[in-house]
Amino acid sequence: MRKGKKLLSVLSSAALLVGLVAGCGGSPESNQSATPANGGGEKSAKVEDTKAGESVELRMVWWGSQNRHDRTLKVIEMFEKENPGVKIKPEFSGWDGYWEKLATQVAGNRMPDIVQMDYKFLNEYVDRDTLLDLNPYVEQGVLDLSDTDDNYIGGGKIDGKLFAVSLGANSPAIAYDPELFKKAGVELKPGYTWEEFANIGRQIKEKTGTFGIEPFSDLNGFKHYLRNHGLWVYNEQGNALGYDDDKYLVEYFHFFKDLIDEGVAAPAEQWVPTADQVENRMMTHGTAAMGQMHSNQITAVMSSAGRPMEVTILPSIEGGEKGHFFKPSQFLSVAKTTKHPEMAAKFIDYVTNNIEANDVLAGERGLPIAKKVRDHLKEKADESGKKMYEYMELVEEYAREIDPPDPKGATEIEALFERIVQEVDYGQSTPEDAAKKFRNEATAILKKNNG
Amino acid sequence: MNGESQVVTNNGAIQKKIKPMTWQSDLKRNIVGYAFISPWLIGFIGYILGPMIASLYLSFTDYDLLSSPTWIGAENYINLFTNDERFWTALKVTFVFVFISVPLKLAFALFVAMLFNKDYRGVGVYRTIYYVPSIIGGSVAVAVMWRELFGMNGPVNALLKLFGIQSSNWVANPDTALSTLILLVIWQFGSPMLIFLAGLKQIPKELYEAAAVDGANKVHQFFKITIPMLTPIIFFNLVMQMINGFMTFTQSFLVTQGGPMDRTLFYAVYLYEKAFAHFQMGYASAMAWILLIIVATFTAIIFKSSSSWVYYESEGGK
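Heads up: the sequence lines are chains A and B, in that order. Position in the first sequence (first residue = 1) + 2 = my numbering. Position in the second sequence (first residue = 1) + 175 = my numbering.
Chain A on its own, in the form it takes in the complex (with noise of 0.2 Å):
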C-alpha cells in the first residue's frame, strides 16, 4: 500500500513534467482554439466562387469590445442576406490574445479568410507573406474604393501593393471631464503647449481635488513628442533609432515624473492597474481629470462613463512642427491562403461603402474611408458620434503626413515602452537612466530583427 504511493507520487510526478515541457497545461489559450479549420494549408490556387446556390463559408476574426462584436455581428448577418449561401464563421476577442492566436492559427495552416489587421503587425504579416494583394479585386470592381482619398488607403499599402484596407482612421486625444474642467474654471485651447497642459492640472488638481492628470502609458504620447520636434521613434532603415539624444525622452518622462511628484498627476499605483481598459480608465472614474486615448475609443469611454465627456488634440510645442496623424485604425486584411478571395474582397467592399451596413457599425472602429459613407454618418451621429467626427475634423488642421509602418519588432518595444514609463512613474528609475535603457534595449531589439 504504502508502497504503491511511492510509486504514485513518482509516476505523477514524471506525469506532470513532462506536461510541462509538452505546452504548460493551464494556459487559458489551449482549448478555445478548436474551431474546424476550413481554410486548409494549400496554396490559393484560384478556386471559382460562388454561383448562386453554391455554398461558400469564410472565417472572419476581429478584435475590440463588446459594442464592436454586436454591431460586426449584425453586419455579417446583413452580408448573409444580401448573398445567400455565403456564411461567415465569426471568431472575435478583446485586444488582449488575439495576436497570439491569430500567430498560431497562422502556424497551423489555419488563418481566417479574413482578418482584422492592425497597423503595427501589418509589415509583420506582410514579410512573411501571408496577405493577399486586393489590387486585382480593386481593378476588376469588387471593391470599390473610388470614393476614397489616397490618404487613407496609403496606410495600407507596402511596395504599392495594397494588403489592407482600413476601417477607419483614427489620432490619439485627450478625453477629459468637463465637469471638472469647469469647477476649476479652465479650459483646453486647441493648439495649446505641454506647460499650459501641466499648469490646467495644476488648477484642477488645487480647485477640486482630483488629479489632474492621468500619466500617458505607451509610446504613442512619445511619438507625438517626438513628432512636435519634426522626428520619429524609428529610422528609415528601421534599425535603429530615429532620434540621436536621449534628451527628449528624458525631457517627456520628467514632464510626467514631475507632476506625479507634485500631486498634480496620478501615481503609478492608481493608473498602471487600468492602463490597459478602455471601459475603466481614470476618466471614466472620475479619478482624474485628463488622460489620453485613441479617437476611436471616445465611444467606448462615454458610454461606460455615462456621463458627457470632450475630446481634444495633444499639447504642441510653440514654434514645433503638428504632431499629429492620421493612423488607420484597424484594417481588413484577406488570407493568401483563402479559397474565396473573390467573396472576401466583396465583404471588405461591402463594409466600405455600404451606408445601411455603417448606419451599424456607427464608425465604431474609426473615421469611415468612404466619402459618402462618412457624410452620412456625420449627420445623424448621437453625441459620442458626432464628437469624434468634429475631433477628427480638428485633427485636420494639427495633422501632417504619417510616418513609415512600423518595423518588424515594433510590438516588443512599445512593451518595453510600457516597462520603462512604469520604472519611472514607480520611481524605481530616473528619466536619465531610463531615457539610457530604452535606447539600448530598443536597438538591440531593432538589430535583431532587422539588422
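Every clue listed holds true.
What follows is a set of in silico ranges between Cβ atoms, one per label pair, in the way DEER data are often shown:
id	chain 1	residue 1	chain 2	residue 2	range
1	B	I311	A	D247	48 to 56 Å
2	A	G110	B	V319	23 to 31 Å
3	A	P86	B	N205	50 to 58 Å
4	A	H231	B	W263	35 to 43 Å
5	B	I468	A	D131	32 to 40 Å
Capping the alpha-carbon separation at 20 Å, the derived lysine to aspartate or glutamate pairs in EDC-like fashion look like this:
id	chain 1	residue 1	chain 2	residue 2
6	A	K439	B	D437
7	A	K439	B	E260
8	A	K449	B	D237
9	A	K159	A	D146
10	A	K449	A	D129
11	A	K449	B	D259
12	A	K450	B	D237
13	A	K184	A	E312
14	A	K449	A	D248
15	A	K438	B	D259
16	A	K410	A	D131
17	A	K439	B	D259
18	A	K380	A	E398
19	A	K191	A	E392
20	A	K438	B	D437
21	A	K388	A	E399
22	A	K449	B	E260
23	A	K449	B	E250
24	A	K439	A	D246
25	B	K336	A	E271
26	A	K450	B	E260
27	A	K450	B	D259
28	A	K89	A	E344
29	A	K438	A	D246
30	A	K450	B	E250
31	A	K373	A	D149
32	A	K374	A	D384
33	A	K410	B	D237
34	A	K91	A	D72
35	A	K439	A	D220
36	A	K209	A	E181
37	B	K380	B	D294
38	A	K83	A	E344
39	A	K438	B	E260
40	A	K388	A	E398
Derived from the structure by calculation, the hints contain no laboratory data. Using N, Cα and C, we set each Cβ at its ideal position, and we do this for glycine too.
Starting from the known structure of chain A, fit chain B onto it as the hints suggest.
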C-alpha cells in the same frame, strides 16, 4: 517490453532462463494490452511526446511561428544566460514564489485537514465548500475578483481603514503584488487538503490512545505521531505542489500581467510572452527546457532526501 527478458548480466551472476523473445512475439502476446491502453498511448505520443521532441528541436532554432524555423545551434540558450536580464528576474520571482507559497500552502492545507478530520454534523458540506477555491481558483472570474478585492477601493482596504490603516492598491504596489498572488495560491489549498485528510484517516487511533496513556499532550501527539505518519503524504504533496508552483501561470497572467515592473513575472508568464506576444517560439522552447531541468533537479533532490525523512510503515520504518 523486451528488456525484461533479455537480461544483461553483471559479472555473469544471474542468468534468467527465459528464451529471448523477438519483438514480434512480444507484441503478439501484449497486443490486447496495448489495445486497452491505446487511447492513452495515442494521446501520449501525439500530444506529449511529439510536442516534446518538437520543442527540443525548436529550442535550437529561430522560429517566429509565421515562417519556418532556422537552425541556430545553442544561441537561444547562450542568449538566455548571458544576455537576458528579464530571464533572471523571472527565475528569481518564480523561486521566491515557490519557496514561500508551497510550504505555506501545505501548512495551511494540513491545518484545515486537521479541522475536518473530526466527525461533526455537516463536515462533508464544509469539506466541499473549502475545496471549491481550488477548482475555480484559476478562473478569470476569480482573478478579476482578487484584483478588485485587493484594489485601491476594495474590501481589503475598506477593512483596514476601519482599523485606521491607510494602504494602497495591493496588486499595483510593487512591494505587495507578489504577496497578493501568493495569498491567492494558498487560498487554493483544496487538493492537498483532501489528500492530507485521506492520510489522517489512515493513522491508527491506537497510536494516539497509547500516547495519551503515556501522558503525551496534543502538541506532542502532533509532532511525534501525526507528522511522522503523514510524511509519505507530505512528500507526495510537496513534490506535486512544487512542480505546480514552478509552472504557475494563470494567477499572474490574469491578475497582474507580470507587473508591476516585472515583480510578478513568473517564469511561465515570461515564456508565454516570448512565445506568443513576441513570436519567439525557439527562444521560448529553450526556456521550457531550462525549466524542465530546474524542476527535474528539485524533484530529484526531494526524492533523494526522502529516504532520510519519509517514513514508510510497510518498509519496516524505512
